[in-house]
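Enquirer: So the sequences go chain by chain: A and B. The first sequence begins at 22 in this note's numbering and counts up one residue at a time. The second sequence begins at 732 in this note's numbering and counts up one residue at a time.
In case anyone wonders, no lab produced these hints; they're calculated from the structure. Some clues are possibly wrong.
[To be verified] Straight-line alpha carbon distances no greater than 25 Å define the calculated SDA-like cross-link-like pairs of lysine to any residue that follow:
1) A:LYS27 x B:LEU921
2) A:LYS28 x B:LEU921
3) A:LYS28 x B:LEU1006
4) A:LYS27 x B:ASP1215
5) A:LYS28 x B:ALA1109
6) A:LYS28 x B:LEU1143
7) A:LYS27 x B:GLY1221
8) B:LYS760 x B:LEU1006
9) A:LYS28 x B:LYS760
10) A:LYS27 x B:SER1224
11) A:LYS27 x B:LYS760
12) A:LYS28 x B:PHE1218
13) A:LYS28 x B:SER1224
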Amino acid sequence: MSPRTKKQIFGIAYVLTALMVICPPVYLAASGASPQVLGLPFSVFYMFLNAVLIVLLVCALWIVESIRGEHEVFETTTTQGEEAHRG
Amino acid sequence: MASSLAVTLGMNAIFFLIIVGILYLTYRKDRGFTDYAVGGRSFGPWYIAMSYINSWFPGTMWISFLGLGIASGVVGLYVLAYSLIGLTTMYFMATRAWNWGQRFNLRTQPDMIGLRYNSRAAKVVASVIGVISLFPWVVLSMQAMGVLFQYMTLQQLSTTAALLLGVGVIVVRQYWTVRMGMRGLVITDLIQGIVAYIVCSVVFVIMLAVYFDGLGAIHHLSSAMFRFPGDGGTYGAWYFSAITFTGIIGSLCWPTSYQRIYTASGVRNVKLGTLIAMPIIAVFAALLLLIGFSAATLHSVVANPQDGWFITAQQIGGTWLLALACVIVFAASMGWIDGCIQVCGTQVSNDIIGSFRNLSDGQLTRIAKGSMVIFLVAGAVVAYLTFNYGKLVDLAIMSYQGIVQLSVPMFLGLFWRRGTRQGAIVGMASGFVFALVMTYFYPDHVPWLGSVTAGIPALALNLILYVGISLLFPQSAEERTRVDGLFEQGERSLRPEGVPATVMLSGSIELRPESA
């Protein structure tokens, strides 16, 4: 998977989870107490589901970056300009 | 009564002394202003996680947000969504934000804006917006200490006396914030965060299990409590969207939250800190609202939702649980107010005064400390004078709508290379002023815009001006090269000390912000 593809996949997933709570037709469809899911009123379950999806998204991104060694990329050189301007 | 007072006051006093003890045990003399302002960029992921949460959730979570859940139901869960999506944004921006911080010795959020746009004016405007916007929240948080101390003293004190005591304690606490800077703050955030969010979550579970029959109590509530705004009621369809969206983008516009990125010892620790913070926030915020919904079945709480946390705790567990409930709010309030005082002093020194005068590290530190004292005293005085002034909450809402205007130059500056300093300054300043004006006329929502909050049209104006001006008056070739260079450097971290690196002579690009 190229870095660009990875960014697109996680970018789209991020937008979708955000749309769940900022796009009125989507969240209004989940409004109300029934049906109950796992003992929770439906709208509460919906908000909890959104939270779980967001946490899973970041966990998945962390795992993918771990496998690809992308958490932190070190530079092998520094420039004179940077050295001069660092406090 | 005396023995109950001994329990509530004693438990909180012991907690306060433990925090002060930890400050002294971990104290290390600062080696310069970067050490004072961002703890020498030395913290690991657990510190980053707890420090971010402490800077994000004020003590009023247990007062206003719980009260919102008690009074209005599911709408209160917007805090869960925006906090988590906001944190995801922090993960995405971690690499570039931290790398620029390390390379160019950035200490504050306006520092980053100044670097990105090569503009002193953009940096000063961003800093002024941040400091002004934080002030009413600090005042409100100090006033919330009054409510806390009323319950801590079992309502034996008058409102004014409790306020004076609460503000007095928080002022005393700031002695160590001013003296020990960011390092002391982050270390105590870890302890305060464990108590306020992890221990508290355990308490929430016990309260639900023992007293509220698990989720049983919730089913006695009216179904109207579980309808989103826009599904009937007075608000339009866009109200919930607007408050959630503003929360998401506001999450890193607050200087207190953004500055935590620079306290990490590397990009990896910012990301891992984010990852650790997410489940803690998710569990805490979800349980907080479940407690709110359950407490809404108690008549004594419904009559006074803002005090729901203390009333419920006392009803369930008597004096001991009330004392623990007070410690939890005390821990969160201290962490949050400390962060505000610290960042405001640092920004006044580093971004505002430091932009116009060439100051040594010692001078920067002294000015930061002096600014913190002035900010603190001003906050305490205003908290006392405005305790019965209802419009202060409106000012705080106004400031929230104002601070999110930083998001356009900040987020687009981090991810879009072609944004210009002119677009940033004009967009940010216009958006801020427009947000204040709109909020003055529509403090809650704008009915003729589908119930969006006032910050949203201001944000749209800000965005149009930023993008429009940047496209109409594009960067010079030289500026374009500089920004391209910045973006490339933002992808990689410099080697940590002790790891050999080849030093290459280059330096053809001007990398430090100058005047606009």
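Enquirer: If a hint holds in the structure, say so; if it does not, say that too.
Expert: For each hint, the structure was consulted:
Restraint check: the Cα-Cα separation between LYS27 of chain A and LEU921 of chain B comes to about 33 Å, which exceeds 25 Å; the hinted pair is violated. Between LYS28 of chain A and LEU921 of chain B the CA atoms are separated by roughly 32 Å; this puts the pair beyond 25 Å, and the hint is violated. Proximity of LYS28 of chain A to LEU1006 of chain B is assessed by CA-CA distance (about 18 Å); at most 25 Å being required, the pair is judged to hold. Proximity of LYS27 of chain A to ASP1215 of chain B is assessed by CA-CA distance (about 22 Å); at most 25 Å being required, the pair is judged to hold.
With a CA separation close to 46 Å, the supplied pair LYS28 of chain A and ALA1109 of chain B exceeds the 25 Å bound. Of the pairs offered as hints, the one joining LYS28 of chain A and LEU1143 of chain B holds, with about 17 Å between alpha carbons and a cut-off of 25 Å not exceeded. At roughly 19 Å between alpha-carbon atoms, LYS27 of chain A and GLY1221 of chain B fall within 25 Å of each other, so this suggested pair holds. Restraint check: the Cα-Cα separation between LYS760 of chain B and LEU1006 of chain B comes to about 31 Å, which exceeds 25 Å; the hinted pair is violated.
Between LYS28 of chain A and LYS760 of chain B the CA atoms are separated by roughly 42 Å; this puts the pair beyond 25 Å, and the hint is violated. A C-alpha spacing of about 21 Å is found between LYS27 of chain A and SER1224 of chain B, which places the hinted pair at or below 25 Å, so the restraint holds. Our distance criterion of 25 Å between C-alpha atoms is broken by LYS27 of chain A and LYS760 of chain B, whose separation comes to about 44 Å. With a C-alpha separation of about 16 Å, the suggested pairing of LYS28 of chain A with PHE1218 of chain B holds against the 25 Å cut-off.
Of the pairs offered as hints, the one joining LYS28 of chain A and SER1224 of chain B holds, with about 20 Å between alpha carbons and a cut-off of 25 Å not exceeded.
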